[in-house]
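Starting from the given sequences, assemble the full structure and let the hints guide the process.
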Amino acid sequence: MNFDLRLPIGMMFTLFGAMLAIYGLMSDPAAFKKSLGINIDLGWGVVMLVFGVLMLIFALRARKARDRG
Amino acid sequence: MPQTLNLAGIDYAILIIYFVFVLSIGWALKRYMKGSTEFFLSGRSIPAWVTGLAFLSANLGAQEVIGMAASGAKYGIMTSHFYWVGAIPAMVFLAIFMMPFYYGSKARSVPEYLKMRFDEKTRGLNAISFAVMTVFSSGISLHALAQLMETLIGWNYNWCIVISATIVLVYIVFGGLTSAIYNEVLQFFMIVLGFAPLVFLALKDVGGWSALKAKLIPVATNAGFAPGTFTESWSHMGSSLENPLGVGWFGMVMGLGFVLSFGYWCTDFLVVQRAMAANSMSAARRTPLIAAIPKMLFPALVILPGMIAIALYQSGDHFLPMVDAANPAKGLNYNLTIPMMLAKYFPAGLLGIGFTALMASFMSGMAGNVTAFNTVSTYDIYQSYISPNKTDRHYLTVGRVMTVLGIGISVGCAYLAAQFNNIMDMLQLVFGFVNAPLFATFLLGMFWRRATGHGAFWGLLSGTAGAAIFHGLALTQGDVPGIKGGWIAQKISFHSEMGQNFWMAIVAWTTCFVMTIVVSLATEKNKTDAELAGLVYSLTPKPKAEDEPWYKRPVTVGVLVLLATLVLNLIFW
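From first to last, the protein sequence lines stand for chains W and B.
Under the numbering used here, think of the first position of the first sequence as 96, with each following residue one higher.
Under the numbering used here, think of the first position of the second sequence as 52, with each following residue one higher.
Simulated from the structure, these hints should not be mistaken for laboratory data.
Be careful, since some hints might not be right.
[Unchecked claim] Over 10 Å on every C-beta distance to chain W, these chain B residues come out as not near it, computed from the model:
1) Val-101
2) Leu-590
3) Ala-615
[As the list claims (entries may be wrong)] Covered, in the sense of this in silico footprint (three residues per stretch, anywhere, with C-beta under 8 Å from a C-beta of chain W), are these stretches of chain B:
4) 73–83
5) 174–180
6) 393–405
Quantities reported herein were computed from a predicted structural model and do not represent experimental measurements.
Don't be surprised by glycine CBs; every beta carbon is placed ideally from N, CA and C.
Okay, here's the thing in structure tokens:
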């Protein structure tokens, strides 16, 4: 089957990560009283973004290797 | 109770985007569903990492996430026995010893294996009881989801049922098992990435592990236990009076660790189906092992938040709601531990991720049951008893119809559960009777070639009867005779319902084991050795894995997984 699951996973978490990081940057710091004063949206958004991008890189590399082979 | 979670625009956006991805995966897979093998078995073409995570995720329904956090709050770290005793050893056993028969026999389902190994009536018994159980479990999942959403956010119960059932329906009708598996993997990452920050924030808030340990001492002593009861998993298992589980080590190891755990992980088609979809024998055997690695770390993700919640509660932070605000004696509503912690720590944005993870796990719990149901009802019931010898195309269509039917019945069950709580308790009790003896049948079937069809069938029935009779004689202190037990006479007394349940499983298993042997010896062997090749251990060539690197050899990885689990037990002894 020609369907690499890493592609949708990567796309989804790249999107979620970017959304969260941007939202965290724009939010009023008072919103983060709940999360012990940590801008967790920005921090965790970046983590998810990195995870998503890594998944995309793996998926695209696998596709390239398959096209060549 | 008023609504307790306030979702902002970004949270809704995340939820909707998630559903769009879920449905698109189903849509994208539609063109690959050419025949029934693709629809029910994913064409045996899925790589091991995907089947492995799906294997784990199929079991990681919301009841598990919510229930394990609740148990963490109620029992402390002893809840880890459900992982390190009650899951990992059975998963390793499945990988090393049982997968060769399931995958190698080319059986398309667990009931079909029973037919190949034993006979038609054993398959029929298993297939019908399994089909009924999955569809009810799916309904219970659906009900729990709608009820929680109604409580937390004030969503309409009916709409909640309709929308989640429709989403699951659409992606399974399009993409079959592959769709369910892919979405389970997506859900796995949602759960991990959605709950990891919760653990981080909660642990930081409570002051770290050693502060948590200190704060859990009064929780234990107030309940009348030794100070370390909530943070030491084995030290207080000497007798059922020493710990909040109300279970001694023998009942726990045999009942949970052996009978219930092996019965579930090694014979339940819901999880085994994921491994059967793997693209090779080697991948099928690695599936439970790949699942075991995150599984052994999951206590940190689901039990730890519960422990922290109760520690904070003890120190005066009363964010956990009562079961009944008017009657505090009824105690805390532990089932709201996870949702309350999400509400407490997560700001808008991250709350969307955590909430979507919760919602996703309800739906994939339902989808897992539905895919197991449509396979068994199409292959083992429809094709076997109603309409054999049709074209493959026909069975593919029937599979889609069964999906719609299964979801329809699930919705009915959800409303039944909403109306009559007792009916669901009763059904789950009966399911317990049916499931408890199963592993004895499989163990004898796979490792004793003399076991016969009659032996298996009567062994299973008597195991179920044994469970029912034991339940009728046993009662937990403080319970009223009836659905909780003791409806024949109250001869055996337990300190907790969990202990009663574990011992019921032990009795059912032993009854089935003994009866299968007795009846097998008294009846003629109904399959020749040639027919049993590939189905029984002594008559099957051992799979060779020598040419694979060490990390792909099931035995090597299995031993490493067991060693790591042992170390975890020792650290938190």
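Quiz prompt | Given coverage of the segment 393–405 of chain B by chain W, tested with a Cβ cutoff of 8 Å and a minimum of 3 residues | solution = Satisfied; 8 residues make the cut.
Quiz item: Is it the case that Ala-615 (chain B) keeps its Cβ farther than 10 Å from each residue Cβ in chain W?
Solution: 24 Å, holds
Self-check item: Check of the segment 174–180 of chain B against chain W for coverage (Cβ-Cβ below 8 Å, three residues minimum)
Solution: Since 0 is below three, the answer is violated.
Exercise. Examine each Cβ of chain W, and state whether all of them lie more than 10 Å from the Cβ of Leu-590 (chain B).
Key: Given a closest Cβ separation of 34 Å, the condition holds.
Quiz item: Minimum Cβ separation between Val-101 (chain B) and chain W greater than 10 Å?
Solution: 6 Å, violated
Quiz prompt | 8 Å C-beta criterion, at least three residues: is the segment 73–83 of chain B covered by chain W | solution = holds (count 5)
Going down the numbered hints, you'll see the structure goes against 1, 5, while the others check out.
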